[in-house]
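Chains A and B are the protein sequences, given in the same order.
Taking the working numbering, the leading residue of the first sequence gets 1, the next gets one more, and so forth.
Taking the working numbering, the leading residue of the second sequence gets 1001, the next gets one more, and so forth.
No lab work stands behind these hints, which were simulated from the structure alone.
Wrong hints could be hidden among the right ones.
[What the hints assert, rightly or not] Using 20 Å as the maximum straight-line C-alpha spacing, the simulated SDA-like pairs for lysine to any residue come out as follows: (1) B:1087 <-> A:173; (2) B:1087 <-> A:150; (3) B:1087 <-> A:149; (4) B:1261 <-> A:30; (5) B:1087 <-> A:146; (6) B:1261 <-> A:16; (7) B:1087 <-> A:147; (8) B:1261 <-> A:26; (9) B:1087 <-> A:148; (10) B:1261 <-> A:27; (11) B:1261 <-> A:147.
[Said to hold, decoys possible] Cβ-to-Cβ under 8 Å is the rule here; a few derived chain B residues that face chain A: (12) 1091; (13) 1216; (14) 1254; (15) 1259.
Just so it is clear, CB atoms sit at the ideal spot from N, CA and C, and this is done for glycine as well.
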Amino acid sequence: MPPLASSLAIDARDVAKSFRSGWLRRRETAALRGVSLAVPRGAIFGLLGPNGAGKTTLLSILATLLTPDRGTVRVLGLDVVREAAALRRRLNMASGRPSFLWSLRVGEIVAFYGRLYGLSGATLRRRVDALVREYELEPYRRVPYNELSTGLKQRVALAKSLVNDPELLFLDEPTLGLDPDVSVRVREHVAALRRERGMTIVLTTHYMREAEQLCDQVAFIKAGQILARGTPDELKRQMKLGSVIALKLDPPTVPWLADADGVLRVTAGRDGWLECAVDDVEKRLPALLRQLFTDGVVVRNVQVREPALEEVFVELAR
Amino acid sequence: MSWRAEWLAVWAVLVRNAIMASRNVFFFFELLFWPIVGVISIGFMTKFLALTPAQGSFVLIGTMALSVVNVCQLEVAYAVLMDVWSKSIKHQFLAPIGIRHLTIGSWIVGMVRGLLVFVLVAALGAWAFGFAVLKPGVGPVAIFLFGCFLNAWIVGVFVCALITLFGNRAEAFAWASVNLVLMLAGIYYPVSVLPEPAAAIARAIPLTYFLDAYRSHFGFATEFAAPIATGLLLSAVYAVAAHLAFLAAIQRARRTGLLLKMSE
């Protein structure tokens, strides 16, 4: 049963957006072609897709930074065009590779945006202090923005994005260009925001592990259209990628393996592993092992794993 | 939106611009260097041309008006420009603020800076060359300054609109065009000496009337019937036009995606 409109943080229908460029030769590029999207309140929703797929365009329309050419978009029950001013109080955004005024210090940046959202006096000071502490920015509080490392800049962006305690947070590639340890901490913070504050979070990312780890639901966008959506597990099932049986054999290759019953495809992995995608692992694994034993093939090692979201991405991005 | 919320948004921009102004070395040049160069140049030029003290004041008042308007309009333009330069403009327009908050907040900082320039130029002019530009007293000086600040707000907001419309490549064009227009406002000469097409443009510029009114205190006959009222009326018309132009430019930038491009 589809979710009720009131339980939705985002209800976008048939959204289209094109960009025009050039003075003499007008070129028109369709960024979104009739996208519909429903995101329940309190969910972490991932928008995935290759470069230029339309993720940032969609995110920007939802965040009121862009106006759609066609379609209706309601965010937190408000129309993104007609009620944009009221909506802006209730949402916020952080982007990968963030930029803020170069000579403002960390505390001043968070305080500036806090004032824009109506905070003042002791309330503002407490909020800035709390965010600076939460994102471990205390030692850098008086450091100008242009002297911070990439990871610290990202933490400032996250602190700024929470200054108005938004109901809906947009994260555009939040871990882009970060060191792995910093990325892990950013993901932990994002997960905690939903867990502790019940915040709805929409994020775009190129990192499939990040999406798999954080998102309740994901949507794949390609060429301005949503190709698939659902939970990561649902998508794997939808794509019929099967389960993967990885085998290390002696001799290392077996000619009949690709034609065996239930084997969807065979690919050569690293270090002599053969990866067989099968439709039903519990049915196919015993049969395969039996046949290999009969043929005198030595099975040195065997591993079974579910396909990763990355494989869904690769399949859809083709 | 409550008055308190309105003021807080203006205050946010005001504090930001004031902090940025206090930390940028170029602000020193805008505030001190060019105005001082202007007064010294005019002072020696009037000596060389053997102008009377009244004529010298006439020219210096033009220099002061230009310096004040330039410093103040620059600050108003910083409402958008600093965010364009730092590629953070999308965060500003993601927040629940209107262009009135941006332009008024930065205008207040601009007025403080403009006032500093005015006092500095007036003091230097009086000390070095004996110009008595403050002679008319507090009332006329206040009206003259207010006229300059109003013009600066209008110019700054038009510059913001142009930059939001065409991106930061429009910067040079925006300032060149506004300076060209300002030069026709009778900065260094009476409007009556201009050829008619240029005089018609001068009559359409509010600053012309504030200059005319202020110079009348130095013995120069006014060229207009009610210069202050006309200047205020024209300023009101242009202020509304500038505000609407900036609003339309922002809406267009949200439509075309320029707002995002300027943040990349």
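* To do: Against the earlier hints, flag every one the structure doesn't satisfy and list their numbers going up.
  => Hints 11 and 13 contradicted; others consistent.
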